[in-house]
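Protein chains in written order, with the UniProt record's numbering: chain A, 1 to 396; chain B, 1 to 385.
Using 30 Å as the maximum straight-line C-alpha spacing, the simulated DSSO-like pairs for lysine-lysine come out as follows: (1) Lys271/B to Lys374/A; (2) Lys238/A to Lys40/A; (3) Lys141/A to Lys271/B; (4) Lys181/A to Lys271/B.
On the chain A side, residues computed to face chain B include the following (Cβ under 10 Å): (5) Leu295; (6) Arg301; (7) Ser315; (8) Val316.
Since the hints were made in silico from the structure, they are not lab data.
C-beta: ideal position from N, C-alpha, C; glycine also.
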Amino acid sequence: MDLTYTDDDLAFRDEVRAFLAEALPADLQHKVRHHLRLNKEDSVRWHKILASKGWVAPGWPVEFGGPGWTPVQRHIFDEECARAGTPQIMPFGVNMVAPVIMAFGSPEQKAHYLPRILSCEDWWCQGYSEPGAGSDLASLKTTAVRDGDHYIVNGQKTWTTLAQHADMIFCLVRTDTGVRKQEGISFLLINMHSPGITVRPIIMLDEDHEVNEVFFDNVRVPVANLVGQENKGWTYAKYLLGHERTGIAAVGRSKRELAFLKTLAARERKNGRPLIEDPLFSAKLASLEIELMALETTVLRVLSRADKGPGPEASVLKVRGTDIQQQLSELMVEAVGPMALPFDPAYLEGEREHSLVDDDDAAPLLSHYFNYRKTSIYGGSNEIQRNIITQMILGL
Amino acid sequence: MDFNFNQEQLQFADALKRWIGRDYSFETRRGIIHSDTGTSDTAWATLAELGMTALPVPEEHGGFNGNAVDMFVVMQELGRGLVVEPYFATVLGAEFLRLAGGRGDLLEQVATGELKLACALGERQSRHDMFDIATRADANGDGWVLNGEKKVVLHGGQAGMLVVSARSSGEQRGQDGVSLFVLPADTAGITVSDYRTLDGQRAADVRFDKVQVPRANLLGAEGRGADIFDAALDYGAGLLCAEALGAMEAIFEATLEYLKTRQQFGAPIGKFQALQHRMADMYIHLEQARSMALLAAVKLASPDAEGAATERRRAVSAAKYRINQAARYVGQQAVQLHGGMGVTDELPAAHYFKRLATIELTLGDSDHHLARFIAQPGFMERTAA
Ligand SMILES: Cc1cc2nc3c(=O)[nH]c(=O)nc-3n(C[C@H](O)[C@H](O)[C@H](O)COP(=O)(O)OP(=O)(O)OC[C@H]3O[C@@H](n4cnc5c(N)ncnc54)[C@H](O)[C@@H]3O)c2cc1C
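All chains should be modelled from the sequences, with the hints used to inform the complete structure.
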């Protein structure tokens, strides 16, 4: 038993740290660390910086342009990015559709899409959920009917994250209605600029435009955009979900948030004393920190067996990770109290340098808290994760 | 990064597992609990034969020099087997001796299994603060005279020698002025009243009435026992975390099995989602508890690293806190999911529940360890593991 990093790991960490210190633009770092909203340009800018270093797709095999890192190195990289406060690389292209294309796509698809994902030429979004198919994803109804060299797609997707920016969407569509609901599904790559596609915003609790409805009205999609075999899409979808790594726990980000919370707690006053000296508050904070210690160690345990492939234990990480993120968001709001109330979209969007009420740390926190209610819902709700644990691990 | 146990550690665990499976059944244990002494000489002799008593003892005193990670696997198995023998008390006492240096003669006897130890530390007013010591050690020409009373001394009635904390100077709750002694349990002036604890183990109240302690029985330096004391208590808390983990694993497995077999409404009750999700949450608690017990063991096993004492305190308090939380959730849910069976004395799971609850109250409850975690230097700067 040895829970320390090797010298090579530590050298790697220093290398990553040094690179980030130099390459991460200060304005982006400021936005991330202060819970301000990032726009498309911000994301693309950071993506391209990492891409030019060859580090944008840590999980990819070297033959497709990955850096060839070990699981531990990938973990260190995630940690260091989170610690520094980099924007997140949008997962839809790099971590979701790319592995499916690598595993099941045609040579043409690989040659065409993978380099464009690396360079961020295409912004991807994920078209799985529908109004009648959320947790019960296999009930999806969007149809794709073969017409010569094309599929004709009709239906509606929903909750599509950042579809307003997207050039491409990967969709699950129904290609056979006469079979068991998991069996007639296909995996299609659709150009978002095709005629017949309409994107309608859904405004979230924090009044941000993060998700959308996407409507398909007789959209023509070349058959060449089918991934793998017709009606086998469910297998690919499950492969994609299984591809999630330990990063799902977001330990690094939570560590940065915990540090931020501590600075708030040292600065805020309660009964004339620093808030951190209030035993009720410090107990909540400490128990959350302990939970994060346990999660971090659990992540390392999972990583140390990474050769066995990602398994259902990812569900444990999702449940604990999102719970911790949400609790952090709650405690940050508690820490600043009423100063979290003023709503300041112009400041959040970066249109003004300082917030209306002159507490730049506090201003975004309530928005952040509302926004983070999503974490226990998306990516398979935490209830669904518990179902996975009971079925796949406990065999109930 | 390596979370694997080594070959020797696995062999110790295997040996224990086999012995418990063969000779320490639930019925045997029940017999032992209700016997006069509440412990079994046969069981003790086997533990010694299997090398368990020698494991934590330094090599120069006839032991295997095992560290906290080695002890982890042993305590985990004893937890799974719900073993009631005075092993923990003895090993904790040995750690006091080891940290204090000297008294190799006693360590040798511990290694062979000849000597059982108990640690007389807590008092009526101390709750979880073991530094709250009213027992006095007043110097006289021959050494010291002890006066006071220690409460709920684990296996105090079964031990040949007692490790005792007493105040030779300083304030009642101060760190300075704590002296540690080791002395035969039958020394004149010592009264031991032995009783059962609710988990089937034994403890005792130990009174000291003008007990004369010779110089040779001081552990470490007079009035300077605090560091030894602190490190030994952390070691004990770390071992209890591993034992609790073993007990939790056992109660979890028993509950899972029950959910798969118990039929109601024409189906195994494990088909009901309300119960499935509780099982999933128990599993999550168990995994988090396992991580923390390992982390604590690893920190305890690296006493020479930089800043090790703070790291150790921090990890042990975090672990004990987290494991207390897990023990309560897993234990309570296990009883609930067993329905009426869960609250009977017949059911092994119920006995694991009792053991988990007593571990929670031993060497620091949740509030105690949370406060200690906060009090460690660097709390404001540190973020996680
Ligand atoms: C911010 C955000 C971004 C998203 N981005 C995308 C995206 O880019 N692409 C995409 O395809 N989807 C996206 N989603 C959709 C997301 O995957 C779904 O919201 C999620 O799967 C839950 O589905 P639902 O909202 O229909 O809830 P429902 O399935 O209707 O569930 C409602 C409630 O019932 C519970 N529930 C449902 N079934 C069960 C069950 N069997 N057992 C126990 N409890 C159950 C759920 O946990 C939940 O609490 C996003 C969602 C959000 C909130």
